[in-house]
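Peer 1: Here is how the chains run, residue by residue.
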Amino acid sequence: MEYILTFLHQHIDLIYIVILSVFLGIEVISRVPSVLHTPLMSGANAIHGVVIIGAIIVMGKAETDNYPALIIGFLAVILGTINVVGGFVVTDRMLEMFKGKKK
Amino acid sequence: MEYILTFLHQHIDLIYIVILSVFLGIEVISRVPSVLHTPLMSGANAIHGVVIIGAIIVMGKAETDNYPALIIGFLAVILGTINVVGGFVVTDRMLEMFKGKKK
Amino acid sequence: MGSSILSIIYLVGSVTFILGLKMLSKPDTARKGNLVAAAGMSLAILGTIFLYRVNDAPLHNYGWIFTGLTIGGVIGVLSAKKVKMTAMPEMVSMFNGMGGACAALISVVEFDHLIKLIKNLYAPVADDHLALQLLESSTSRGTVIIILLSLIIGAVSCAGSIIAWGKLTGKVKDFSFNGQHFLNLGVLTLIVGLSVWLVSIFGTSPGTGLIVFYIIFGLALFYGVLFVMPIGGADMPVVISLLNSFTGVAAACGGFLYSNPVMLTGGILVGSAGTILTILMCKAMNRSLKNVLIGSFGGGAAAAAGAGKEQGNYKEISLNDAAVVLAYANKVIIVPGYGLAVAQAQHACHELEKQLEEKGVEVKYAIHPVAGRMPGHMNVLLAEADVPYEKLLEMEDANAEFPTTDAVLILGANDVVNPAAKSDPASPIYGMPILEVENAKVVIVNKRSMKPGYAGIENDLFFQPKTSMLFGDAKKVLQELLSAIKEV
Amino acid sequence: MGSSILSIIYLVGSVTFILGLKMLSKPDTARKGNLVAAAGMSLAILGTIFLYRVNDAPLHNYGWIFTGLTIGGVIGVLSAKKVKMTAMPEMVSMFNGMGGACAALISVVEFDHLIKLIKNLYAPVADDHLALQLLESSTSRGTVIIILLSLIIGAVSCAGSIIAWGKLTGKVKDFSFNGQHFLNLGVLTLIVGLSVWLVSIFGTSPGTGLIVFYIIFGLALFYGVLFVMPIGGADMPVVISLLNSFTGVAAACGGFLYSNPVMLTGGILVGSAGTILTILMCKAMNRSLKNVLIGSFGGGAAAAAGAGKEQGNYKEISLNDAAVVLAYANKVIIVPGYGLAVAQAQHACHELEKQLEEKGVEVKYAIHPVAGRMPGHMNVLLAEADVPYEKLLEMEDANAEFPTTDAVLILGANDVVNPAAKSDPASPIYGMPILEVENAKVVIVNKRSMKPGYAGIENDLFFQPKTSMLFGDAKKVLQELLSAIKEV
Ligand SMILES: NC(=O)c1ccc[n+]([C@@H]2O[C@H](COP(=O)([O-])OP(=O)(O)OC[C@H]3O[C@@H](n4cnc5c(N)ncnc54)[C@H](OP(=O)(O)O)[C@@H]3O)[C@@H](O)[C@H]2O)c1
Ligand SMILES: NC(=O)c1ccc[n+]([C@@H]2O[C@H](COP(=O)([O-])OP(=O)(O)OC[C@H]3O[C@@H](n4cnc5c(N)ncnc54)[C@H](OP(=O)(O)O)[C@@H]3O)[C@@H](O)[C@H]2O)c1
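Chains as they are written, first to last, in my numbering: chain E, 1 to 103; chain Z, 1001 to 1103; chain B, 2001 to 2488; chain W, 3001 to 3488.
Hints are supplied without guarantee of correctness; some may be wrong.
The list that follows gives simulated cross-link-like pairs (lysine to any residue, SDA-like), each with its CA atoms no further than 25 Å apart [claimed, not checked]:
#1 Lys2475/B x Gly2312/B
#2 Lys2026/B x Asp92/E
#3 Lys3290/W x Gly3142/W
#4 Lys3026/W x His11/E
#5 Lys3290/W x Glu96/E
#6 Lys2364/B x Arg2448/B
#7 Lys3084/W x Ser34/E
#8 Lys2364/B x Lys2391/B
#9 Lys3026/W x Leu70/E
#10 Lys3032/W x Ile3009/W
#11 Lys2026/B x Ser34/E
#12 Lys2116/B x Pro1068/Z
#13 Lys3486/W x Phe3463/W
#14 Lys2119/B x Pro1068/Z
#15 Lys3026/W x Glu96/E
#16 Lys3081/W x Ser30/E
Please keep in mind that the hints were generated in silico from the structure rather than gathered at the bench.
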């Protein structure tokens, strides 16, 4: 119990950021019309690709002869990039279909 | 310039909290119906009374013979408390008028 | 351990503020939202008192603190309970000013503290080179900036709120002169300039620093007065909402100063929500914030009032005729406006409504969202007279019912039934949705004269063949109408 | 200096994510929102590569990093550009799985790193007592918990997404057995139990720790498979949205691990927005999330399909008669459904529409929000065939137009026109708003048989006197109808 309290206390700023983001995530999309559900899902999918930054850090700080780390990190970078790039491109394609013809 | 950057960097977590709160404040009330404008203003007014916490800290850490600080702090505590207590009570009274009879 | 718990308490406090604001913005949950925020606030205050640590030492001076809390609490509860419903905006303004003052006072003490520290460093006994460096470092400069922000914003908010309060209670008159805007700008520039200077010198010459600090304080108070002075009294609710968000920002500065997240989030939430609310209020009146602040017609209303050119003829109706029209109608809709509030005629109005209902007339009220001088003004007013909530129609519903209404009785409303809002693009209220009373069979208008209302413009409605005027103070007229109807 | 700038870059990145999500949820700004978020992401990635510092040293292995980025970028662009519009959900699922895998792999490396550190501490050369204490301290335990969370959630999301992809492409069949839920629960308990154990022992026996870690990894992957396996293929969009928010949380764990605020906010925003989105998706189909996950009718649809009891008589219409009805109508509304997508008949449908318009018939489409198998499915489908956007009516507008419509042509839709949603409280779709086609003069239904649709329930509409059935594969029928109409 005390251990958890201390942990929370030490990271209280990060926890604030988490809580505020949770509320913000809920508020921001709570009135999305149902046609946009799929593109929104896809856009959100691209955004969580931000995990690629972790992969870059892992790679960038690995010792140059630590091959297991390098190989796993390399894989992680590739997968993360596909998530980000593919996600944004596919979302853009969807939205192009949806709206291109409205105007 | 560099000075500002450093300052931001040192307090980046707090700045995140600020930015997220700004967005949240906007999102949370952006669909309030106009009858609720006045009570919402009043409720928000009570919430910023949280500044009372600062007044308590000022008082609580003042040396016991530092009379100027004690007196100013004392005044601050009184004013802050009026803001908080009065604010919440008046809001409650307003809302009682508004809604008490609906059900 | 204690400070870990305090962290959690603060977190809980912040969450209740978020939830509270969210709930306050929905009619069904508003009241509960207020209580939720209040609970969080109490928790945060108690937590601070008992668990806050300065360099591992608990706070002291508990006597002072509790005395202060008690005095403040008692004054707060009493004034909030005693105030008349219709005087609530000025009450809120007063409370807001106190919050601002609190923020400014905190800054005063903290700056003093800082200056003392610096002076000690210069004293021969303590030439702690490291501490000196620390003081000159960016952190301490940042601290001074934040102290100054909190001081200036708090002081502006405090002085401005007091003026707003004065205007609403009629103690302060509107006042503007040529070049007012230049003076305001000048004072503001001076404040900013002095602040920049203070930040650069406070570390080396603390004595001068202290003097400059108090000059800035004074100027900020003065600016608060200047800021609100030229704005028309009727625009005060908008101004109060704006000053409210200022105080929020001042509180947030306090949060930065003490790295206190509950002050920070609470303050910023109010700052941003308050700003949006201010803009929404302006929108509901179909005006822009800039327009309100520069006072394009809010301030000019009184001046324009006399200038209303005669336009066509209007017809008057006698009390007895009005009584007959109302008593023999099937459905009557009452449109209350600012005049009803001024005349404090809400009780008489409720009497009339009951009397008519006894005669078998269906009576309802049409509530325009910006009728009166604050949002919800009419709801509060009629609730005070115990008018049942079901009888109040919102604008859209009312507009749907006018075509089947026999008689509309307008009590001290003007702009909210002005057809120019729909038909005349040159009108300052053009685009504001209005109550379309001209769809009813007969319209009876009670006001004291042909003078215009808040927007300072002529109202075509009064000159339409359907409309008859029933001049006089709303309360007096209603009382007379009541006895006339009894005799019908 | 560099890292100060990086902080600001990250802040900007986070703000673009918030704005991006906000804009993505409004039709007018959605596309721009996506670009805003993408720009922020690029900035954050570039900033990390060039400005990130580990103990004041810049990153290295740039060769590997850029090669990885290039390979990933090319694969990402190509697959996203090549994929058919109607196959987008499975594409999104695949991308999501990769994000999950990325998070899990990061955990693997970081845990390995941690274990190496601990092993070094035990080696006789370095018995740095302080560092040992540090490792045992709460901070390092917290680190392990976060690494584990990221691993588990990432792995579940990855494995689950691959199964979801498989189901949508038809490569994986629905599969469930008795006691499935118990197995799932058992595996989950095992994962949690092992994790708790690992947290308590990793500091003292790093060797065992590593093994346990990989076991947990394996179990998490297995759980991902178990989690998605029993859920009906048609429910995959909901499942993907849920896994999407899982990956968001995994990314946020990474943010915690590196105290990296852009990962933290980005991940959490997606986590919470994704969860709400999942719930909204369920609501649009009038189901609860629990219902989807336990698969109450999603999985059982196929089974129930055969059980449709005959109920009254339906009448068939010949191709030529249908052609005549349509060609001589003034206004025809086409209701597309899942069957149209299955038959890939969108182009044929557009041809028919053009042919009818040439004959002077007014043709429109009625789009139900959950027609098809993903939200917006019909919009995407018809957009692919170049059907003009103005011809698509949303549900409310369509319902207002049916009473003035001569003929409704239903192409492979079923549940979205089932009147039981309005009339039969016992029906699983009761309460879902539907297209009220029975208000039109004549209804022609094209499907291959009398089998039910997604919800596995009988449709009364088919037995009404107004309705005639036109059996056959949508594409084939439309092509034949086209030539028949040309001859009318
Ligand atoms: N609700 C808000 O939040 C808010 C805030 C600020 C401004 N406003 C503005 O205020 C206006 C509200 O419209 P409104 O129609 O309610 O009021 P109004 O347009 O200001 O008109 C009020 C009328 O009441 C009459 N009156 C004054 N005292 C009276 C008395 N004792 N007995 C009978 N009549 C009396 C006045 O005419 P006589 O002098 O001839 O009697 C006046 O024309 C709008 O323009 C709105 O934009 C609203
Ligand atoms: N949009 C979403 O986000 C989403 C996601 C998941 C689930 N759902 C659910 O999916 C359903 C959608 O309703 P819906 O009316 O579009 O579809 P539906 O109720 O599933 O009915 C589709 C019909 O199309 C017919 N069909 C299949 N293949 C065909 C072909 N090749 N040619 C002609 N007809 C064919 C089938 O009948 P035969 O077999 O007799 O041909 C079937 O009855 C709703 O229940 C909704 O809740 C929607």
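Peer 1: If a hint holds in the structure, say so; if it does not, say that too.
Peer 2: Going through the hints against the structure:
A threshold of 25 Å between alpha carbons decides the hint, and for Lys2475/B with Gly2312/B the separation of about 28 Å lies outside it, so the pair is violated. With a C-alpha separation of about 35 Å, the suggested pairing of Lys2026/B with Asp92/E is violated against the 25 Å cut-off. Distance hint between Lys3290/W and Gly3142/W is unfulfilled; the C-alpha atoms sit about 31 Å from each other, more than 25 Å. At most 25 Å may separate the alpha-carbon atoms for a hinted pair to count; Lys3026/W and His11/E exceed this at roughly 35 Å.
Restraint check for Lys3290/W and Glu96/E: the C-alpha separation of about 33 Å exceeds 25 Å, so the hint is violated. Taken as a hint, the Lys2364/B and Arg2448/B pair is honoured in the structure, with Cα atoms around 23 Å apart against an allowance of 25 Å. Note on Lys3084/W and Ser34/E: the hinted pairing holds, with a Cα-Cα distance of about 21 Å set against a maximum of 25 Å. For a cut-off of 25 Å, the pair hint linking Lys2364/B to Lys2391/B stands: about 5 Å separates their Cα positions.
As the CA atoms of Lys3026/W and Leu70/E are separated by approximately 42 Å, the hinted pair breaks the 25 Å bound. Restraint check: the Cα-Cα separation between Lys3032/W and Ile3009/W comes to about 20 Å, which is no more than 25 Å; the hinted pair holds. Of the supplied pair hints, the one linking Lys2026/B and Ser34/E holds, its CA atoms being roughly 23 Å apart against a limit of 25 Å. Proximity of Lys2116/B to Pro1068/Z is assessed by CA-CA distance (about 13 Å); at most 25 Å being required, the pair is judged to hold.
Between the alpha carbons of Lys3486/W and Phe3463/W the distance comes to roughly 30 Å, so the proposed pair goes past 25 Å and is violated. At most 25 Å may separate the alpha-carbon atoms for a hinted pair to count; Lys2119/B and Pro1068/Z meet this at roughly 17 Å. Proposed proximity of Lys3026/W and Glu96/E is supported: the alpha carbons are some 14 Å apart, at most 25 Å. Using a Cα cut-off of 25 Å, the hinted pair Lys3081/W and Ser30/E is violated, with the two alpha carbons roughly 30 Å apart.
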